[in-house]
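Residue numbers (the UniProt record's numbering), protein chains in the order written: chain A, 1 to 163; chain B, 1 to 1001.
Take every hint as true, because none was put in to throw you off.
Computed from the model, here is a short list of chain A residues facing chain B with C-beta under 7 Å:
#1 M1
#2 A12
#3 A17
#4 L36
#5 P51
#6 A55
#7 L57
#8 Y58
#9 L77
#10 A88
#11 Y95
#12 D108
#13 R113
#14 F136
Hint data in this document are derived by calculation from the structure and do not stem from the laboratory. All C-beta atoms in this analysis are idealised placements derived from N, C-alpha and C, irrespective of residue type, glycine included.
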Amino acid sequence: MSVNITLLVIMAALFAAGIYLLLERSLTRVLLGLILVANGANMLLLAGGGPAGKAPLYSAGIPAEDYSDPLPQALILTSIVISFAVTAFMLGIIYRSWVLGRQDEVQDDIEDRRVASQSSFDAEDDAEIPVETTEFTPVEEAEEAPGAQRGPSTRTTTRREKR
Amino acid sequence: MLLVLIALFAVAGIAPLIFRLMGRSAFYVLSAVPAAGFIWLLMTFGAYTGTGQGLGSGQPNAPPSVVVPWIPQLQLELAFRMDALSAVLSILVLGVGSLVLFYCARYFKQDDADIGPFGAHLLAFAGAMFGLVIADDLILLFIFWELTTVLSYLLIGYSRHRLSARRAALQALIVTTLGGLAMLVGLILLGQSAGTYRMSDILARAEALTGPMVETAFVLILVGALSKSALVPFHFWLPSAMAAPTPVSAYLHAAAMVKAGIYLVARFAPGFSEHAVWAPIVLAFGLVTMIFGGWQALRQHDLKLLLAYGTVSQLGFLTMVVGLGGQEAALAGLGLLLAHGFFKATLFLVVGIIDHQAGTRDIRKLCGIGRSAPLLASVAVLAAASMAGLPPLLGFVAKESVLEAFVHQAEDGPSGAVVLAGMVLGSMLTFAYSARFIWGGFARKSAMPTPFKRVEPSFLFAPALLAAASVVFGLLPVPLDAAVQPYVSLFPPVEETPHLLLWHGVTPALFLSLATIGGGLVLFLLRERFERLQTRMATNIDAEQNYKFVIGVLDDVAVWLTGRTQRGSLAFYLFVILTMAILTPLSALILFNAPVPQEWYLADSPAQLIAGVVVILGALAALRANKRFMAVIMVGLTGYGIALIFALQGAPDLALTQLLVETIVLVAFVLALRSLPARLWQRETGRKYRVLRAVLGISFGLVMAAIAMSAMASRVAEPISRSFPSLAYDDGGGANIVNVTLVDIRAWDTFGEISVLAIAATGVASLIFIRGRGDGRLRADGVKSGTVGRNREPIDAYGREAAALELAKKFASSANDAWLVAGRTLAPERRSIIFEVVTRLLFHSIIVFSIYLLIAGHNLPGGGFAGGLMAGLALTIRYLAGGRFELAEATPVSAGLLLGGGLATAALTAIVPVFLGGQVFQSAILEFTWPVFGDIKFVTSTIFDIGVYLVVVGLVLDVLRSLGSEIDERSEGQTATIDAGTPEPAAEQEESRGPKEEVVP
Chain A
1 MSVNITLLVI MAALFAAGIY LLLERSLTRV LLGLILVANG ANMLLLAGGG PAGKAPLYSA
61 GIPAEDYSDP LPQALILTSI VISFAVTAFM LGIIYRSWVL GRQDEVQDDI EDRRVASQSS
121 FDAEDDAEIP VETTEFTPVE EAEEAPGAQR GPSTRTTTRR EKR
Chain B
1 MLLVLIALFA VAGIAPLIFR LMGRSAFYVL SAVPAAGFIW LLMTFGAYTG TGQGLGSGQP
61 NAPPSVVVPW IPQLQLELAF RMDALSAVLS ILVLGVGSLV LFYCARYFKQ DDADIGPFGA
121 HLLAFAGAMF GLVIADDLIL LFIFWELTTV LSYLLIGYSR HRLSARRAAL QALIVTTLGG
181 LAMLVGLILL GQSAGTYRMS DILARAEALT GPMVETAFVL ILVGALSKSA LVPFHFWLPS
241 AMAAPTPVSA YLHAAAMVKA GIYLVARFAP GFSEHAVWAP IVLAFGLVTM IFGGWQALRQ
301 HDLKLLLAYG TVSQLGFLTM VVGLGGQEAA LAGLGLLLAH GFFKATLFLV VGIIDHQAGT
361 RDIRKLCGIG RSAPLLASVA VLAAASMAGL PPLLGFVAKE SVLEAFVHQA EDGPSGAVVL
421 AGMVLGSMLT FAYSARFIWG GFARKSAMPT PFKRVEPSFL FAPALLAAAS VVFGLLPVPL
481 DAAVQPYVSL FPPVEETPHL LLWHGVTPAL FLSLATIGGG LVLFLLRERF ERLQTRMATN
541 IDAEQNYKFV IGVLDDVAVW LTGRTQRGSL AFYLFVILTM AILTPLSALI LFNAPVPQEW
601 YLADSPAQLI AGVVVILGAL AALRANKRFM AVIMVGLTGY GIALIFALQG APDLALTQLL
661 VETIVLVAFV LALRSLPARL WQRETGRKYR VLRAVLGISF GLVMAAIAMS AMASRVAEPI
721 SRSFPSLAYD DGGGANIVNV TLVDIRAWDT FGEISVLAIA ATGVASLIFI RGRGDGRLRA
781 DGVKSGTVGR NREPIDAYGR EAAALELAKK FASSANDAWL VAGRTLAPER RSIIFEVVTR
841 LLFHSIIVFS IYLLIAGHNL PGGGFAGGLM AGLALTIRYL AGGRFELAEA TPVSAGLLLG
901 GGLATAALTA IVPVFLGGQV FQSAILEFTW PVFGDIKFVT STIFDIGVYL VVVGLVLDVL
961 RSLGSEIDER SEGQTATIDA GTPEPAAEQE ESRGPKEEVV P
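For reference, chain B alone in the conformation it holds in the complex:
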């Protein structure tokens, strides 16, 4: 059983390949898969119809089942079970599926677009349907259920160039998913109250399952079934789904999709049809649907729509019969299910042939096809007669049993009589539209017969075989009866076991059948008068309009809500976020009586007070500054003030790091913003906006202060960091507690941080270089002296030219300038000999110092961060003094390598200890003696710190390369083309390097 399921999906997976090889003939290959499954099913049929249908899993006589554990923790399992009901449904799913695929091979053209995916979807649809009927787990059932929904969406929307197809597909998806979601809730309620999700077990203990929870569950499950089976008020998606290719419609209506709802009702009827909520829903909605569908079918001019409404009607009928409960109804229900499957598939396939050969399905245009295609017509007549319930066809056999069951039901009370009367009325309508179908499709209505191409036998094969089934099983219902009986036995036994028979004898049901035929005949003969009556009563409920209205309201609400919330203004979003960030903690502070601190003091030291004043003044000045760099410097001032506060607080590491960062940030700011205008415009947004911002800012500051106060006042426990000193010294082997915290105690944290640094560095490089990281190395070798940074400054201003010339002369007379490697590349007016000399003297000292900071950081202030920043500062000086080629010459390895190497080093210190039998990031202390150096105590976490050092150097280098070198180069290219008009090498280089940036003047 699993093999069939897997084969269906597997072949569906490779179907597009088969189509590429074989064209439309691939449909034959595809159809062989369900056909093989069908044969297997028939050969093993006896195994599923044995006794013990109702037994739970694991019992000796129970039908065969397969259980594959899936997620045991969630009680999810892939449980399958093939009992009589599943087997009967599988006959339809596999048999009709195979024939429909066979039929497709002639229906589609050789060069139709997308038939590969289409075939795959159709076969997968059969697979999903097969899975649905053999699933024995509620959740698994739901998965297959939704799988059929998704696949039906794809199938209905096959002609995606048609608006009608797209919309119908979406409509079917929305409606059935809506029901499916309701059903999911119902299934979970049922599963939870039963304590198991295994369907066979739930049915085995159905009697114990009562109460409001189970009732609610079944209301929801029935909503799912009703929506899937297109019952009023969900019926409208099914006629719209006519936009699908006709073979899809045939399968959808006869064997799949809509039959899923019927299957669900049939599955739960044996245990739960006695529930109070069950019968009213099933009977009322079924009856309304049956009559409404029949009424609508009689109005249609499109043969396919006629059949579609006919299906709606039949589905109402089936729901009533299958859902009624009791042996007679169960027998009749399954009989009707099979009969409907056979005749409806036949009729749809016939319509497909008519449309294919005549080019229309409109009964006002079709004429005389009965004469030009007599074989087709006889197939259609047989199927339609079965639909109408004429003897000796299967439709008659099934309908007789149904009437039998409902006659007995009607004896019990007036409601039963109403149902029976409605059913007879519905059957008359069915007869009438069956007749209308034959008349409309085949009769000679005018003098001009419709041109009709000859129908090939292979095209007609599938519908003919299905029509034959309607005849054979009508004359000889015994095999079907045998297949259905095991399911019937699930219901409480009655005195006389019912059987599917052609001749029941002279019973009330026979008279009702005769009345149906008579009434239907009258309706058909008076069709013109009846049609006029229908047009006069055309103000019937238009569910499609209601659906459109609901969707329209949803759209409007969505647009309205989006318009209110997604204003497209960052300031607006920030206002909302910040307001919430103020109000939420504030209300929490007030509502939960946040503690208020008891002890206060002004400051730790007078110096702290002074530093505080500096910081606040800097912040205020930054608000007022209207020059870009003034604002930057003011913010820098607060940063230096904070460094001072760190130092006073007893945090030398922080002070050191903050100082270094502030300096480098200042340089970065200058480099990045040099091409922007100096002024910072104040937008004229009015006082109100500014006041609002001020109020928001001040409130935020105050709320943060309140949070800080109450957080500090809430402290009751000993701080965890009290144990850090001994942890750091005894276990971490370092005296600098902060550094050991970073590289050892909280190494994971730091590892995350350096990853962020590497990402940010790459981000900066990509923002400036656009294509890649630009790690390719610049060389100073081929660069002509004095070419870099030419024409950058307006040296023709008074006095500057002379000064520049003076400077150039000095450099011209100096011997092969040995101060900086690439200093010569800079334009003379941009050089400073003092700066170059100082750089020459300082660079190596700073690098050595940075390494000292790195190594000593374990015991003294410093560490990887401070050391890396220090090294970065040294590079900054090199760049400022000697330009971009100098920077390139100063860094023998690329920034990317530094970042990657740093991360790799850090990752190694994380992993290597694991291989040595330790834990991730475990450190070891190595003590050894070297000559000259003496006793050395080396802690392996220092290696991690080296990784940090490398990443930080990489980050600073990326900032310098991107915001410095690359922007230099780009702006040189621009000035060259704008001012001189002569292309310089730099400009050419830029063009060849990447897309020229669009500059909006």
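This is chain A alone, in the form it adopts within the complex:
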């Protein structure tokens, strides 16, 4: 199968430009990049269908190979409409993000940063357990908030305060 250089170059250029925009922080640019990538994918499908041919409208006497390949066309048609739906959805997200935070940018996830910088000490795993020799302490005394490191001395003070 011979290769159409023009289609190939268009496809590569669309992909390259699309990826460049996709890596931006501005959500609008990300969306535009996504559209370009989708167009590039359509070009890939189109090029894969082979050389240009007659429009795939059947009429008797035309051999099948003279038509432009209908299968990639059906796939591309699906892809065009789906990209439209995705674009509309992304526009909704962009508007939302603008209304909520006056932001048109992809934000870093602060929670992820926090996880990465947390220390390995975990009160639930590593805090000292006071020795208990009975099960019948009142609940409020046995209450141990995870994270709060209360030794026996601090606990007695809280008890006194309660009284």
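Place chain B on chain A using the hints.
Quick look at chain B alone, frame taken from chain A:
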């Protein structure tokens, strides 16, 4: 047998309800279930102890079994079997289970939190344990095994407000699951090498099962058993599990959970104790555990911890005896198992009573309880004496048999002698800590006796009954002997069949027993000196610290790995993903010598070349554009260029669709982004980042080109689509091959797609309307003229005000404007009379044209997608010309109805043919003649296309309603409140409609 199992779980399921009705007395109801099972077990006991213990399933004399097929394809079945071993274990599981539940009714307070779920867990735990001992399938065994793990987690963590309970529960879960997973691998290895997962069959053909695979399997299975039974080095979870309520500990230690490991060893000992890997593991770990546990028990001040380490010690002991193999050891092992069950349950329940009545378990605080509760003390003394191995109690009977067996073992070689010596040492420690228990719990150590509430008989009933069992079966071991003998017969016969007896005569075992008692007594009497020795040697292995260390390292690695991979930056993730997306196919292309195309040509036509240049220029301009809409228009330019390429390629459908979509997308962009600032900021992230992005983008483009080239060069077969033209015309009844492909040949594909469209449309609507789809209809009726879109534009700028006034005057003089239904609602300065007239003229024509595209699409370019988009375009024009009320008046049905109706129509064309005897999505060609229209050829797949049409119209309508109308309304509300300060109807409407959006200035 199944009935008992089901009853246990079923009552556990409804237990919380019983507790709601009856409070803590519900424990009595719960305890009746295993009690009934226990009675049933005793009544039918003879059925399980018959001959033929070792026979495989289906043989005439084999013990009763039930097999329910589960997943035959995977050889999974619910196979149960009750033989002598299962029956003996069931005595403990059901009997002790029932007594513990009975005891709970007095142990817990009426208003204790969560006793309902607790009771359910405890009963289910008994059920799981019962299931475990009667399971006859390796996988089923594993399921019950893990079920006990999960339930023990819940039970140990009962006081969830205590850190110690939570941590102990998690620790037990992790340790036993670790062993359980190793065991699962072992079980699968065993099942695969045996060719069956039925345990009785595996044991029946045990002799044939040898080789490294089976050896590995047993090492892994023993790891599981060791971890479950809390042997060194896994022992530490058991003392930690003391955080559980004491009745749970009693059950856990005496009859369940830890006994599962012993059961597993006992189950496989008859066939596999001769294996080379078996004896060293069982004896070495057992011996170390026995001595270590006893040593630790002697150091404890908490009665419960003392017992816990005692259990660890006893479990080591039991593992050795049960795992040794041979008739004598088997007899002694089961005897010891029962003895341990009875006395350990008693002792724990006694500790529970002490803790309940005195408020502490610390032996340094307890004093004189022997005098204030003599009955309790005598129960405890009996059980402790049984634990210490004093005659005439069951513990003595069992220990005598054990020593008997190991004395014979010691005659065979030095290793046997070492084991025997260690065992005697361990037994001395056992005696010493038994004595320490009684002394610590009941003796008068100081002048001040601990205040102690009176013990009710119902509270004492369960431990007293268990202690009585230790006495009765010690004096009269015959019934137990009879119960155990069938299991013993599984081992090769010896000259003299061993029996459980109180008096064996003057044997070496008797002397060893006496030595044990003597040594233990010395250890106890010298307890203060011994304690000092222990504190000096306190640097013993602290397995808990090791566990903490391992878990800590795991935590650190997890945090480190998460920190490296989860950076929280989308750009970072994309970089990684794209780099992989470049490198993986590239290396595949290079490594596998991807074919290179031989023929090349520049372009199909000069026009294609020109279109290509336009597309590339548009894409490049989009990169450079720093105004938002400029970038959007440039991307639109590439889209139109691509439409041209489609047209040149011979794809009119694509060109048409692409053109329509580009236009609507452009409108959608403008509508959605109008409230965003016009400038697109370039982030100052530096040249380096931009270069990196460019390199990534270009490499990706090049790799895609390389993939495309080699894909095209790889084509060897005739394309499948060569048959499409005839398929489409002859079978699909349409000349437009692409359209018939969509609605008929690949209808499933299209059906999936329109579902996605419906979801995306709903997504857009929900993102903007927030609450629901907002399908409620707007009406233009009550809206005052000229109110919509007021104050949107800065008309006070020079000249604009005059122009607006001029425009308003024109409209004021026109007669009841008949051009658009709701055009009057717009603010005068926003109206355009020419646009309104043109809209009036075009709208219906476009709608008719869209229907034409839909119907004709089967044979000519067009179809549901193009038609739907065309109709959407018509609606867009209506909206732009007349505002949101105009759009609402133009659509008599809601977008949701359009989407749903479209999907339903498409689904009908999928299903109806099935009822007419065809296949899903089968189409039919109907030819008939109508007057005026003449001959008509109607293909049913057109109905599917109508569904597509409706969904697409719904999608466009949702986009217009959300990004257009709703944003209009919201921004009007804002300007009204910000500028004028007077609330307008629109603003009020918004407030009543939903949560006011937080606007960060």
